[in-house]
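Participant: Residue numbers (our numbering), protein chains in the order written: chain H, 4 to 141; chain F, 4 to 141; chain G, 4 to 141; chain E, 4 to 141.
In case anyone wonders, no lab produced these hints; they're calculated from the structure.
The model shown is predicted, which means the values in this text are computed figures rather than measured ones.
Do not rely on the hints blindly, as some may be mistaken.
Identical copies carry no separate label here, and so any pair may be met within one copy or between two of them.
Claimed, not checked - Cut-off 20 Å, straight-line C-alpha distance, at most; resulting in silico cross-link-like pairs (EDC-like, lysine to aspartate or glutamate): (1) 110 - 7; (2) 110 - 72; (3) 110 - 70; (4) 110 - 63; (5) 110 - 62; (6) 110 - 67; (7) 110 - 57.
4 protein chains.
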Amino acid sequence: MATDAQQACFEAGIKFGSLYHQFAGTPVSPSSARSLEAAMAEAIENQPHCEAVEVTVHDDRVADAVDHENGYTELTGSLMDVRMRIAYEGVTVRTRMEMEDGYPLMKLVEVVDGGRPGSGDADSSPDADSSPDADPNA
Amino acid sequence: MATDAQQACFEAGIKFGSLYHQFAGTPVSPSSARSLEAAMAEAIENQPHCEAVEVTVHDDRVADAVDHENGYTELTGSLMDVRMRIAYEGVTVRTRMEMEDGYPLMKLVEVVDGGRPGSGDADSSPDADSSPDADPNA
Amino acid sequence: MATDAQQACFEAGIKFGSLYHQFAGTPVSPSSARSLEAAMAEAIENQPHCEAVEVTVHDDRVADAVDHENGYTELTGSLMDVRMRIAYEGVTVRTRMEMEDGYPLMKLVEVVDGGRPGSGDADSSPDADSSPDADPNA
Amino acid sequence: MATDAQQACFEAGIKFGSLYHQFAGTPVSPSSARSLEAAMAEAIENQPHCEAVEVTVHDDRVADAVDHENGYTELTGSLMDVRMRIAYEGVTVRTRMEMEDGYPLMKLVEVVDGGRPGSGDADSSPDADSSPDADPNA
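Construct the complete structure from the given sequences, taking the supplied hints into account.
Facilitator: Structure below.
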């Protein structure tokens with residue numbers, strides 16, 4: 004059997020893979036980036052245990068990537084940052100996708116098990132955030 | 004060599020296949036349907052020669068399809084209607100996807116070559132629409 | 004009403020948009036390129052009026068695009084050539100996607116209406132191919 | 004910081020979400036199911052830490068789902084079983100997607116941390132499999 008913290012991390016990974024492979028390749032321009040951000044976040048928030056998703060498509064990177072004859076490019080991981088908060092049986096997982104050394108990396112930022120941040124078996128951290136709002140960083 | 008009308012129809016088909024296979028499978032619920040409609044339309048409008056796209060996700064069909072334990076379903080052609088207007092070298096093509104006999108069909112609704120509706124070589128129709136606004140039915 | 008040739012071109016476009024947006028973003032390496040080529044071709048050949056699809060993923064381009072730390076890249080139009088043959092009510096359409104000026108272009112190569120190549124209303128070409136085999140160039 | 008076991012579960016989830024949302028919606032028939040199975044498995048095996056993927060598309064379910072006018076359907080989770088083995092820093096994770104109560108569920112089957120199966124902190128199991136072959140059940 005997996006622990007609740009492991010299960011929460013599995014669920015977090017599913018959401019990341021889903022978001023990326025559902026939407027990578029979507030035609031995008033600075034003028035359509037806002038609706039795509041909203042749709043990506045709301046679509047993935049439908050999935051089980053997904054508390055909050057925040058997608059930022061960087062207009063400057065989109066503009067740089069645009070094929071100037073056609074005025075758009077295709078969405079890839081290098082054009083966006085994504086932050087998510089997953090909750091499973093009292094465990095909260097925060098994840099992030101961002102560029103690192105030129106590649107988009109999906110990362111586990113924090114695993115908080117009932118107020119116990121870190122490995123899931125460390126002591127409770129007094130500054131662990133427990134507010135259940137919609138901010139993926141909360 | 005293909006005619007401009009044939010090329011316009013080819014372009015119209017590309018947009019339809021793109022929209023369907025980019026977004027089919029997206030998690031959707033009545034509460035996320037609006038952002039998905041907007042993102043689909045704006046994404047495909049980025050593509051060359053695509054003048055207007057209108058996507059209607061039917062909330063009643065989504066609600067019927069929802070897995071009630073999880074509260075969402077995956078987007079398929081049976082949940083939406085799509086209308087597009089493509090313009091290529093003076094030819095305007097109107098297309099539609101809608102349910103017919105239980106299956107979603109992508110259809111050429113009209114091919115208007117410089118005001119000449121129909122096959123592209125018929126006489127000009129006095130009521131052929133030439134207004135270049137954003138309504139896919141215009 | 005659209006002509007059969009226009010409808011055939013619309014169908015051809017649908018297949019191209021489908022193939023591209025279904026498979027763009029797929030993780031690919033030189034060692035997985037063969038199975039992906041086969042799956043792409045066979046999947047799209049399922050679609051109505053699609054007679055033959057040939058996909059060539061260029062191993063040299065994949066190797067150049069590979070992130071050498073991870074050993075794979077994501078499929079984009081710049082890594083492959085695609086050729087298709089669509090048949091609709093006696094009209095045969097040949098299409099191709101290949102790099103042109105640094106961008107992958109989807110092109111109508113030929114529209115043959117009952118042996119009449121070109122615009123669909125030209126004279127019959129004696130060397131128009133009518134053999135219904137599986138070669139998209141046939 | 005997340006533990007290696009948690010990180011391994013996150014990686015496992017990414018692969019599952021990727022596989023599902025990359026390939027859901029692909030046109031499939033009994034005759035194209037084999038090439039799709041192979042492409043799905045080989046594509047996802049490219050991803051980091053992914054040791055083995057086995058995809059079974061059930062021909063009987065595909066045949067039942069086929070639109071008999073067109074002869075194909077679109078891939079969904081209900082048509083296939085998937086098993087994966089992920090390895091991360093000495094932790095092996097086995098996952099499975101299969102139908103349960105009418106819905107396809109992605110599940111963590113086993114987390115083995117350096118020979119310690121289960122929660123990642125249990126005692127070593129004498130029958131824990133440690134052979135690094137290509138069988139996702141190995």
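Participant: Within a copy, between copies, both or neither: which one fits residue 110 and residue 63 at a CA-CA cutoff of 20 Å?
Facilitator: neither (23 Å within a copy, 31 Å between copies)
Participant: At 20 Å max between alpha carbons, let me know whether residue 110 reaches residue 62 within a copy, between copies, both or neither.
Facilitator: neither (23 Å within a copy, 30 Å between copies)
Participant: Could you figure out if residue 110 and residue 70 sit no more than 20 Å apart (CA to CA) within one copy, between two copies, both or neither?
Facilitator: Answer is between; shortest inter-copy Cα gap is 18 Å, intra-copy 30 Å.
Participant: Have a look at residue 110 and residue 7 and pick one of within, between, both or neither, based on CA distance no larger than 20 Å.
Facilitator: both (19 Å within a copy, 13 Å between copies)
Participant: Could you figure out if residue 110 and residue 72 sit no more than 20 Å apart (CA to CA) within one copy, between two copies, both or neither?
Facilitator: between (35 Å within a copy, 17 Å between copies)
Participant: Is it within a copy, between copies, both, or neither that the alpha carbon of residue 110 lies no farther than 20 Å from that of residue 67?
Facilitator: So residue 110 and residue 67 fail the 20 Å test inside a copy (25 Å) and across (26 Å) alike.
Participant: How do residue 110 and residue 57 come out at 20 Å by Cα distance, when the copy is not named: within, between, both, or neither?
Facilitator: Within one copy only: 15 Å inside a chain, 25 Å across chains, cut-off 20 Å.
The structure does not agree with the numbered hints 4, 5, 6 stated previously, though it agrees with the rest.
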